[in-house]
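Novice: Read off the chains here:
Protein chains: 2
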Amino acid sequence: MIEQLRATHAAAAQIRRLSDAAKTKLLLQLAQAVEAACDAILAANQLDLAKIDDADPKKDRLLLNPERIAALAGSIREVAALRDPCGAVLLDKILPNGLKLRKISVPLGVVGIIYESRPNVTLDVSALCLRSGNAAVLRGGSDALQTNRALAAIIQDVLEQAGLSRDVVALLPPDRELVKDMLTATRYIDVIIPRGSDALIRFVRENSLVPVIETGAGVCHTYVHESADLEKAKAIVVNAKVSRPSVCNSLDTIVIDSKIAPAFLPLLRDDFEKWKVEVFADPVAFDILQQAGFERLQPASESDFGREFLDYKCSVKTVNGLPEALDHIRTYSSRHSEAIVAEDTAVCRTFLEETDAAAVFANASTRFTDGGMFGLGAEIGISTQKLHARGPFALEKLVTEKWVVEGEGQVRW
Amino acid sequence: MIEQLRATHAAAAQIRRLSDAAKTKLLLQLAQAVEAACDAILAANQLDLAKIDDADPKKDRLLLNPERIAALAGSIREVAALRDPCGAVLLDKILPNGLKLRKISVPLGVVGIIYESRPNVTLDVSALCLRSGNAAVLRGGSDALQTNRALAAIIQDVLEQAGLSRDVVALLPPDRELVKDMLTATRYIDVIIPRGSDALIRFVRENSLVPVIETGAGVCHTYVHESADLEKAKAIVVNAKVSRPSVCNSLDTIVIDSKIAPAFLPLLRDDFEKWKVEVFADPVAFDILQQAGFERLQPASESDFGREFLDYKCSVKTVNGLPEALDHIRTYSSRHSEAIVAEDTAVCRTFLEETDAAAVFANASTRFTDGGMFGLGAEIGISTQKLHARGPFALEKLVTEKWVVEGEGQVRW
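Read top to bottom, the protein sequences are chains A and B.
Mind the numbering: the first sequence is residues 1 to 413 in my numbering, read in order.
Mind the numbering: the second sequence is residues 1001 to 1413 in my numbering, read in order.
Hints are not guaranteed to be accurate.
To be verified - Interface residues of chain A toward chain B, partial, derived using beta-carbon atoms under 8 Å:
hint, residue
1, Asp190
2, Ser243
3, Gln410
To be verified - For lysine to aspartate or glutamate, the following DMTMM-like pairs were computed, each having C-alpha atoms within a straight-line distance of at most 25 Å:
hint, chain 1, residue 1, chain 2, residue 2
4, A, Lys313, A, Glu273
5, A, Lys259, B, Glu1408
6, B, Lys1103, A, Asp327
7, A, Lys234, B, Glu1406
8, A, Lys93, B, Glu1396
9, B, Lys1100, A, Glu354
10, B, Lys1103, A, Glu353
11, B, Lys1093, A, Glu343
12, A, Lys93, B, Asp1084
13, B, Lys1093, A, Glu353
14, A, Lys93, B, Glu1353
15, B, Lys1234, B, Glu1324
16, A, Lys232, B, Glu1406
17, A, Lys259, A, Asp344
18, B, Lys1025, A, Glu353
19, B, Lys1100, A, Glu226
20, A, Lys103, B, Glu1396
21, B, Lys1103, A, Asp92
22, B, Lys1103, A, Asp344
23, A, Lys100, B, Glu1226
24, B, Lys1100, A, Asp344
25, B, Lys1100, A, Glu343
26, A, Lys259, A, Asp287
27, A, Lys103, A, Glu401
28, B, Lys1103, A, Glu78
29, B, Lys1232, B, Glu1308
30, A, Lys100, B, Asp1229
31, B, Lys1103, A, Glu343
32, B, Lys1103, A, Asp84
33, A, Lys25, B, Glu1353
34, A, Lys25, A, Glu160
35, B, Lys1274, B, Asp1229
36, B, Lys1023, A, Glu353
37, A, Lys180, B, Glu1206
38, A, Lys93, B, Asp1370
39, B, Lys1232, A, Glu408
40, B, Lys1274, B, Asp1311
Hints are computed from structural coordinates only; laboratory data are not their basis.
Note that the coordinates shown come from a computational prediction; the quantities given were computed from them, not determined experimentally.
Positions of the beta carbon are idealized from the N, C-alpha and C atoms, including for glycine.
Given these sequences and hints, build the entire structure.
Specialist: See the structure below:
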């Protein structure tokens, strides 16, 4: 295993040296190879699927079909078309002593990814790493082993055909012990990205000596201020909750000014009934919602605030004005995406300034927190940490900086 | 303790809201207050010094005197004059759906610093944090307790006089258990910076759930290529080794092309004798150095490569050309600062591209890796990691990014 990491670390120089055009070409060849190998991928995928119970929700995450494979190839072509993040000159100056100083963007080196059953990660992440000149060490879940092996072989064949080492992208066996080896391989892996359940992310964070970029949970609030246009607020809240509840930028808690709660909350009834949204309401909101005839209604317990539902469920918190709303959000937010709906522009400005989150919204749905939506292209996830990458963690952040200093014999006494 | 962290986390909003001018003013007041309290600081420092044995090297690190206090005040004024890193608009565009998207630089929030006996850290780091709109939680060593208390009280008095909470800068008691509490306080501390011994840094890295910025060891090589101007090479090598051997950017290993080793190595003799530099040489170099009459000479053992000497000591490795030199450096470098001396510009270019380090030099001393030298002002240290801050970790990196999105009711289905 250390042999594999050493080989990938050495091979990283090969992908680092490629020009923008060569990396683009490599990705286009990969997209084509994935399409050409459709049958082989599906056959491998069948072997994995056969081991999973039909009722297991993992089955859908694991499943590939011709449409999904075509979509994966399409994603690779999109990444191919993104701008190369390497080689940017971030600073260029001559120091008073004559030294020529430049700061340039360079690949991170070797990116380690630890993920679970989704085999699409194998291709998505490899494409992002190769596009940005990085080598990759992949450690996927055992459920997807045959599929991942088939996909990794395609990637490695394309690398080899391009005259590069197969070690540029390595797939490790799904052995638990190897995860620990990855997390301590500070000499060979430059950054580790965990993708999957909270438990996986927590394990990686707690055990990694290699720096980690975490794409964490989203406990997202939408605060409806008393100055809100209620129809706008309704559209935003409904969209943020029901358009795709399983993702991290979906709404978890409605924070509502008590003054307008009786006018606003009943407006949600038809949509919430249609989408079968279950509501956990604080006492003030509970009475209003009950009177308005909400059927899927429960009193909120303390644990319903700060809870990431990832489902057709949300909590409602009544507040008396902006300071109370900010305070609630400060206490329960996971600092992912937070929104206000208000016509009062001063209130919006205060909210945007005071709320500590990767993305803050005025009069828009939190569902927009997304690399594609923000114009950054494909993303590895949404970072809720503050170092290096905050918010959409996209191609542009798969680089580091390097100081390059050229002199004519300068010394410093 | 959690109460203190919560209070500092809440108070962080106060310093975050200050304008550039208000932060500058605060720092100038702090510099003045430090000068005015010189006697009180020295009295507190005496209490700490009295507990340390005269022979203990810690004593000098701990010692303050009027000159050192004046220098500390001067450093605070230099930080005051630096450009505010907050509020920079890093991206500003209107998305096709009409959303107004901006990415702006904002303070990290609460910076935790864990350090050892140097009391200057208390002021240096507080100044950098306040200048960049951050609150700080300081955990200094028990040796400097009285001095740190005196300095923290001065900072807190200045904060209070400016109408801010004293909790913006908190000094924790030097209790071992509290360090663990800091390292797990992900809700209240945004980043932890360890400053001090390798053992401290390793402990923090291994135990922190809060993201860490590490300012690590520097195992620095200077490679003298066969095309080198030997007088230039001599000046650079001698400077990199002896100008300040106790710091991380000083030279640890001379890598020398075997072709020019007999001509080059003897040139170092007079300077190395003058500075009493002890040399650990590989067999080829050993013979040359012995013939040249080097007195402080030993055969190198394997552990003398990749060793950070922090002293008037270095190792010498003989190689046959650039590829071997790159390979040696790849194996033993801590990726801090690496240099080549060569007149062949193609060789220099290859070295600068192929060497993976925070700073790479052609024909200059590695001693230049420094925030001040690079024009960034005071630094917290030199980061050898690749995320967020690489190389001099200065004021400009004490910020994070925030995505601010303003709409008119946009939703995403």
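Novice: Next, verify each hint and record whether it holds.
Specialist: How the hints compare with the structure:
At its closest, the beta carbon of A:Asp190 sits 5 Å from a beta carbon of chain B; the interface hint therefore holds under the 8 Å criterion. At a threshold of 8 Å, the smallest CB-CB gap from A:Ser243 to chain B is about 5 Å, leaving the interface hint in force. Hint status for A:Gln410: holds, given a least beta-carbon distance of 5 Å to chain B, under 8 Å. Distance hint between A:Lys313 and A:Glu273 is fulfilled; the C-alpha atoms sit about 12 Å from each other, no more than 25 Å.
At most 25 Å may separate the alpha-carbon atoms for a hinted pair to count; A:Lys259 and B:Glu1408 meet this at roughly 22 Å. Taking the CA atoms of B:Lys1103 and A:Asp327, the gap is about 24 Å. The hint holds against a cut of 25 Å. Restraint check for A:Lys234 and B:Glu1406: satisfied, since their Cα atoms lie roughly 17 Å apart, inside the 25 Å limit. For a cut-off of 25 Å, the pair hint linking A:Lys93 to B:Glu1396 stands: about 17 Å separates their Cα positions.
For a cut-off of 25 Å, the pair hint linking B:Lys1100 to A:Glu354 stands: about 18 Å separates their Cα positions. Using a Cα cut-off of 25 Å, the hinted pair B:Lys1103 and A:Glu353 holds, with the two alpha carbons roughly 12 Å apart. The suggested pairing of B:Lys1093 with A:Glu343 holds, with an alpha-carbon distance near 22 Å, which does not exceed 25 Å. About 20 Å separates the Cα atoms of A:Lys93 and B:Asp1084, which keeps this hinted pair within 25 Å; it holds.
As the CA atoms of B:Lys1093 and A:Glu353 are separated by approximately 18 Å, the hinted pair is consistent with the 25 Å bound. Proximity of A:Lys93 to B:Glu1353 is assessed by CA-CA distance (about 18 Å); at most 25 Å being required, the pair is judged to hold. A threshold of 25 Å between alpha carbons decides the hint, and for B:Lys1234 with B:Glu1324 the separation of about 21 Å falls inside it, so the pair holds. At roughly 14 Å between alpha-carbon atoms, A:Lys232 and B:Glu1406 fall within 25 Å of each other, so this suggested pair holds.
A threshold of 25 Å between alpha carbons decides the hint, and for A:Lys259 with A:Asp344 the separation of about 15 Å falls inside it, so the pair holds. Pair hint B:Lys1025 plus A:Glu353 holds up; C-alpha atoms about 22 Å apart against a cutoff of 25 Å. A threshold of 25 Å between alpha carbons decides the hint, and for B:Lys1100 with A:Glu226 the separation of about 23 Å falls inside it, so the pair holds. Annotation: proposed proximity of A:Lys103 to B:Glu1396 holds, straight-line Cα distance about 14 Å (limit 25 Å).
For the proposed pair B:Lys1103 and A:Asp92, the alpha carbon gap of about 23 Å is at most 25 Å, so the pair holds. The suggested pairing of B:Lys1103 with A:Asp344 holds, with an alpha-carbon distance near 22 Å, which does not exceed 25 Å. Proposed proximity of A:Lys100 and B:Glu1226 is supported: the alpha carbons are some 23 Å apart, at most 25 Å. For the suggested pair B:Lys1100 and A:Asp344, the alpha carbons sit about 17 Å apart, so the restraint of at most 25 Å is met.
Taking the CA atoms of B:Lys1100 and A:Glu343, the gap is near 16 Å; set against the 25 Å cutoff, the hint holds. Taking the CA atoms of A:Lys259 and A:Asp287, the gap is near 14 Å; set against the 25 Å cutoff, the hint holds. The straight-line distance between the Cα atoms of A:Lys103 and A:Glu401 is roughly 6 Å, inside the 25 Å bound, and the hint therefore holds. Restraint check: the Cα-Cα separation between B:Lys1103 and A:Glu78 comes to about 23 Å, which is no more than 25 Å; the hinted pair holds.
Annotation: proposed proximity of B:Lys1232 to B:Glu1308 holds, straight-line Cα distance about 24 Å (limit 25 Å). Among the hinted pairs, A:Lys100 with B:Asp1229 is consistent with the structure: their alpha-carbon atoms are about 19 Å apart, no more than 25 Å. For the hint linking B:Lys1103 to A:Glu343, the alpha-carbon distance of about 22 Å falls within 25 Å, and the restraint holds. The straight-line distance between the Cα atoms of B:Lys1103 and A:Asp84 is roughly 20 Å, inside the 25 Å bound, and the hint therefore holds.
The hinted pair formed by A:Lys25 and B:Glu1353 meets the criterion: a straight-line CA distance of about 22 Å does not exceed 25 Å. Between A:Lys25 and A:Glu160 the alpha-carbon distance is near 14 Å, which keeps this suggested pair within the 25 Å criterion. Of the supplied pair hints, the one linking B:Lys1274 and B:Asp1229 holds, its CA atoms being roughly 23 Å apart against a limit of 25 Å. Using a Cα cut-off of 25 Å, the hinted pair B:Lys1023 and A:Glu353 holds, with the two alpha carbons roughly 18 Å apart.
Distance hint between A:Lys180 and B:Glu1206 is fulfilled; the C-alpha atoms sit about 13 Å from each other, no more than 25 Å. For a cut-off of 25 Å, the pair hint linking A:Lys93 to B:Asp1370 stands: about 15 Å separates their Cα positions. For the hint pairing B:Lys1232 with A:Glu408, the CA-to-CA distance comes to about 8 Å; that is within 25 Å, so the pair holds. Restraint check: the Cα-Cα separation between B:Lys1274 and B:Asp1311 comes to about 14 Å, which is no more than 25 Å; the hinted pair holds.
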